[in-house]
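*Asks:* This is what each chain is made of:
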Amino acid sequence: MDLTLNEDQEAFAESIDDALARKYTAEFRGKAAASDVGWDEKLFSTLAEIGASALTIDEEHDGLDAGAGEVYAALYALGQNAAIEPFLDGVYLPSWLLSASGSAPDEVLSALAAGEAIAAVAHSEPGRVWDAAPATTATGDGSKVTLSGTKTAVAHADQAKWLLVTASGDAGFGVYLVNGDAEGITRTDGRTADWTRVSRVTFEGTPATLLGSAGDQGRRAFDAAVARARIAVLAEAVGLMDRASKVTVDYLKSRKQFGVTLSTFQALVHRAADLYAEVELARSVALWATASLERDAQTDDTDVDATADDAFVYIAQAARVVAEEVVQLHGGIGMTFETPISHYAARLTSIEQSYGGVAAARRRVLKSGSPLTAPTVVRS
Amino acid sequence: MDLTLNEDQEAFAESIDDALARKYTAEFRGKAAASDVGWDEKLFSTLAEIGASALTIDEEHDGLDAGAGEVYAALYALGQNAAIEPFLDGVYLPSWLLSASGSAPDEVLSALAAGEAIAAVAHSEPGRVWDAAPATTATGDGSKVTLSGTKTAVAHADQAKWLLVTASGDAGFGVYLVNGDAEGITRTDGRTADWTRVSRVTFEGTPATLLGSAGDQGRRAFDAAVARARIAVLAEAVGLMDRASKVTVDYLKSRKQFGVTLSTFQALVHRAADLYAEVELARSVALWATASLERDAQTDDTDVDATADDAFVYIAQAARVVAEEVVQLHGGIGMTFETPISHYAARLTSIEQSYGGVAAARRRVLKSGSPLTAPTVVRS
Amino acid sequence: MDLEYTPEEQRFRDELRTVFYEKVPAEIRERVVRGQISREDIVASQRILHEHGLAVPHWPTQWGGKKWTATQQNIYASELQRAAVPTPLAFNVSMVGPIIAEFGSQEQKEKFLPATANLDIWWSQGFSEPEAGSDLAGLKTTAIRDGDEYVINGQKTWTTLGQYGDWMFLLARTNPGAERKQQGISFILVDMKTPGIERRPIKLIDGSVEVNEFFFDDVRVPVSNLVGEENKGWTYAKFLLGNERNGIAQVGTSQRVFAELVDAAKETDVEEGTLADDPDFRSRLHTAKMRLLALEATQLRVAGASADGKPDPASSLLKLEGTRLLQSLTALRLDAGGTDSVLVGDTEGTDGTPVGLSSEHAASTAALQYLNMRKLSIFGGSNEIQRGVIAKAVLGL
Amino acid sequence: MDLEYTPEEQRFRDELRTVFYEKVPAEIRERVVRGQISREDIVASQRILHEHGLAVPHWPTQWGGKKWTATQQNIYASELQRAAVPTPLAFNVSMVGPIIAEFGSQEQKEKFLPATANLDIWWSQGFSEPEAGSDLAGLKTTAIRDGDEYVINGQKTWTTLGQYGDWMFLLARTNPGAERKQQGISFILVDMKTPGIERRPIKLIDGSVEVNEFFFDDVRVPVSNLVGEENKGWTYAKFLLGNERNGIAQVGTSQRVFAELVDAAKETDVEEGTLADDPDFRSRLHTAKMRLLALEATQLRVAGASADGKPDPASSLLKLEGTRLLQSLTALRLDAGGTDSVLVGDTEGTDGTPVGLSSEHAASTAALQYLNMRKLSIFGGSNEIQRGVIAKAVLGL
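Residue numbers (UniProt numbering), protein chains in the order written: chain A, 1 to 380; chain B, 1 to 380; chain C, 1 to 397; chain D, 1 to 397.
Do not rely on the hints blindly, as some may be mistaken.
Dumping the calculated DSBU-like pairs for lysine-lysine here, alpha-carbon to alpha-carbon at most 35 Å [unchecked claim]:
(1) A:K256 / C:K140
(2) B:K246 / D:K203
(3) D:K203 / B:K31
(4) A:K256 / C:K232
(5) B:K253 / D:K23
(6) B:K253 / D:K203
(7) C:K111 / B:K246
(8) D:K23 / D:K203
(9) B:K253 / B:K23
(10) D:K23 / D:K109
(11) D:K266 / D:K232
(12) C:K140 / C:K232
(13) A:K253 / D:K23
(14) D:K392 / B:K256
To be clear, the hints were calculated from the coordinates, so they are not data collected in a lab.
All chains should be built: construct the whole structure from the sequences, respecting the hints.
*Replies:* Next comes the structure, spelled out in structure tokens:
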């Protein structure tokens, strides 16, 4: 029974945190978000060099073939700095989809592992819930498939060398590989509330290749990859909450009002204590979900979706409480773009709505057997 | 637009509060609850003399034929003192059921109005939800009806001269009048968590008389009377919350820890402010429900059930928060039988579960159109 | 007890509605709903209201006021919010206007009040400073008399919409040596075109520029710009606090947002049926509904109970719960939209706020509004300050 | 990362389970579930545990201890609570026992430890006083030396189960003139049969008598009853604080209550189907479930991280959330029972608590337990104190 990262994983998280913390101010983040690519290319390369891009890819493609613990470490450290470099949506989630398919072109996996390119996953459609079958259609078969439809909230589509697009074809649900510069693609670029670059992408007769198999099996593989991403993003959330609450405690110690520091006001101090409890409890859930994922990888137990939903619902709620409290405890300054705390709050807010959002996750949970199943961390 | 009691109603509430406050200590309440009848007979008579028992009964039976405002005033003042004299369950609710039936014996209403006797309403059955058809059966018709079955949580059944018993007969749901000393009645006496006397009552071939008509119409009349009681008990809840939070504020001002009064601790002071907000908002909802009831009595609008459920759900939630906070802010002393605050908390806890309880009320509300209907106090 | 307005009050409300819904352009009100109004919208709307005598109803009648009852004032605020009409600029109509009307010279009244009511002058507020937020009396900006002028030095911050300000009313120390920190403060009017004033816009996390910082470096203003007596500024500032009971609970706004939320839920398809069928969402809607009802009823009780217009500690209760509720409604809208709600387009609205990527969905600006609405419980006296006021003024703690 | 116990740990757990489920009588465990255990139940259960070496595992091995790992201690506490086995009397096994073992004389150890472990002596705690609750160091009871005796005067309160106490360990001022209030306090053992002690039972709102007040009037105890050094009592008392990390979160208890709640929901018919189908109730269950999972995982993290047995501020976090969660589970059970849950019978249980009127329903004692469980966030260091500890010890505030 061990719910902690091992020494190597801790060291990996620290090396990422070190690389980020030296640069990441609110100003740096703002500039990176506003740059041509939407993140800091140098920093992305630095992190790729210490292995961040290779984690989830097998050794055949020069990856590190690491486990859920390493992904936790990376995303936790990224979260601690509210970093916007696109490892989860641009590398890890695409790599899981590609690997699961068994039919991914080698050069794609190798490029992702090397940090030379990113891919983008295009699944959300405007006004359509995550679990619905895609309205985007795949027509034709074999090497002659084309896609038509509109995807939204596609993270970093403007920089992606490849798009992994979900669509409904004759055989049902499928994930299709599309070149970023393929014909028939129209993009409207925008951003999320946390300043991550996203696009609406329209496909009209765009050539595509089916990854793996279509139909229910394809959907299950897609859902399992997304469940991994849901658990991974919770590590980022815990990193964000951890650092945001520490920054807030520091603020209470230094900021003066009425001639004394805010830490003199017991009402605020008690709220900081509640915040600490909130973060530590959320950390435990994220670690539990990560450990479950590692365990599932070793056994035949594939309850990843349920684990991801359970954990997501809990941590999204904690993320909201923490995001709101850290801003409130900062007062007006916590609302401004120039202080880190607002970026932490904004990113936490986006995470709550990621991969279909918390309300949809709650609906799935409440319809499942989860509410009537006793919780237990220990599996044996 | 007026959501306040008028001067007469205010004066009425004050006269009841005066009569009670002079006597009601935790010790007095404890003794009254442990006495033979389960309340203080002298105090009951005093209150009856100033009109408390006659409120809901028409002038023909020497009642005052007063409205919902007067009932609010009486129950608010009873609540302020955590009084256990049984006006709501022993007089008002029975009188509403009797009056609605159009077939109540004159002597019953007159005795209730005069404060000479009380009646008890027997509807709950063990392990059966409030809205279910009674498992208790009514057999026979005309003057030969007998009842068989078991009722539970019958408030003050041991002192009631009459029982108003719900049962299922050939024509469906009915409310039946039964003499307290009729044959075939077995009682097991107990109490509620707030020390109100209640009994489990078993009927075996007990002679009874149908009140009003049986069937759906009878059930609707029963539900409407209970809805009035639900709204009335909220006035009691607000009285309890009001006085309990004031007692708590006084405690914070006087109790010393670490050499200073508790009011020095800002964390506690801010919670007292939140408590104040909770009570005032709950008061507004109780007054709104009361005003709605008064208005409905003058118009054809009979949305009493929905109003009662909406208000009950809101105030039961507030009651829980307030009951828990006033005890917590008192510390250990708030748990003891010898301090008033614990009696306030216990009574609030019972009210949350009265007339079927808050969970059932929530289920009704969520299945109704209420969640999708805009709230509006002003009707025009 | 009575749940209906009197026939006069109903007539009054209907007249207001006619102006709010028929005279104020629908496009402006639509932009209010989306949280994307511009300076021009605010000016246009206030001028239309003023044209109909509805911009400064609580001012003295001589300057356009109406002598309304507390209930009428309450109806006005609620209906305005519900109709999504931009609230007349608070700095003009609720702050500097009443102060000048009460304490200003006849010359000041004539010069400023008509232009203030018609928004010909856009006023900014110069109260907060970096080291004087919740602790306003800790302000450090000085206005030292030099002949017929005051020379102002210092820094003001959190100046909402200060980028549009023609004039600023500010608090500054005319007697820095005063014993208590509340003493020696004066209330001074400053033409923002005066040399020596520098503005630094403060971008908020949602991308909007709503607040600004101002630096005053030897800014010289005529002594005639002093309002009332020198060193009495703190008294005038306090006159404002608690003066804004009507509308502070934002009941009308929350009612509008609630209705939008229900409409959106009915139109949002989920896995089975629409969001309006989702038990969890219904439960949260009902909680919000009853809180809103409690808030409205409380506001009506308070409005009825103290018609004398004096500051009432109940306004702290209304602000506390009113802001919490409106914030939780924006959170509900965020959750309703799911992934759609965090999307923001790249085209910018007139005030710099980006427009939603998928503007056909109510969700499109949900995350931005959610983040922006965090300000409600901070600005204008934080919720912590309001709890303190309740504890002290109501509970005697 | 690993979610499984080692084979040794699993074997260890299975051995414990055998004792807890097969040796401790089911009737006793059933009474724990209903919140109606008696003195006899506690004694019987502890003796059975002691017989199997499971009453005082964390004591020195010489006196019956086991040298378990942190994980084993954690398994022990969780399994004990889950099985609804009465926890060995904390005053004996977690408080006075470890103190005597660490600081007592050899004579004291031999006289008291075996009897304490076997519950032949029932100990009471004499720490709190009417004016010294959260502020324990403010205690006023004196123990003035007179020859070979201490003469004790004063008052102790909140003495849990003091009605059964054979002996009391108390804190008293042996040097009332000490400079700081934490100084001059000694840790003294008192035979409750000594003349001059008067008990006043304190009835709680649920009707139970769990706590008591004790008055000491010239109570003379031999100097040999002093534990450790005179005037060092505060050090020994602090030794206890935070010592009780295992079990403090009551994870096992909450797991048991959660399972009971699910079973009850499945058996409770509502308007349509059972309570287990009610979306609102499912939602509340799921919230509780995930909080419980978060708590258990946190406890496991903490247990693993600091195996040295030293006081850990994390115990404040575990107590804070552990009590809040268990309290909210009792509230859920209350709501599940509806009107049934407030019923109490007139026959009294062995310890004075009335038995449920409808004991066939889990609901029958729900309201009593709900009210009784309010103590969790008050006694043993209130949640306010725990927040203070976290702020100071963890956050440095």
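*Asks:* Each of the hints needs a verdict: does it hold here or not?
*Replies:* These are the hints, each one checked on the structure:
| no. | hint | verdict |
| --- | --- | --- |
| 1 | A:K256 / C:K140 | holds (14 Å) |
| 2 | B:K246 / D:K203 | holds (24 Å) |
| 3 | D:K203 / B:K31 | holds (13 Å) |
| 4 | A:K256 / C:K232 | holds (26 Å) |
| 5 | B:K253 / D:K23 | violated (52 Å) |
| 6 | B:K253 / D:K203 | holds (25 Å) |
| 7 | C:K111 / B:K246 | violated (51 Å) |
| 8 | D:K23 / D:K203 | holds (33 Å) |
| 9 | B:K253 / B:K23 | holds (24 Å) |
| 10 | D:K23 / D:K109 | holds (29 Å) |
| 11 | D:K266 / D:K232 | violated (55 Å) |
| 12 | C:K140 / C:K232 | holds (16 Å) |
| 13 | A:K253 / D:K23 | violated (55 Å) |
| 14 | D:K392 / B:K256 | holds (22 Å) |
Consistency note: the structure conflicts with the earlier hints numbered 5, 7, 11, 13.
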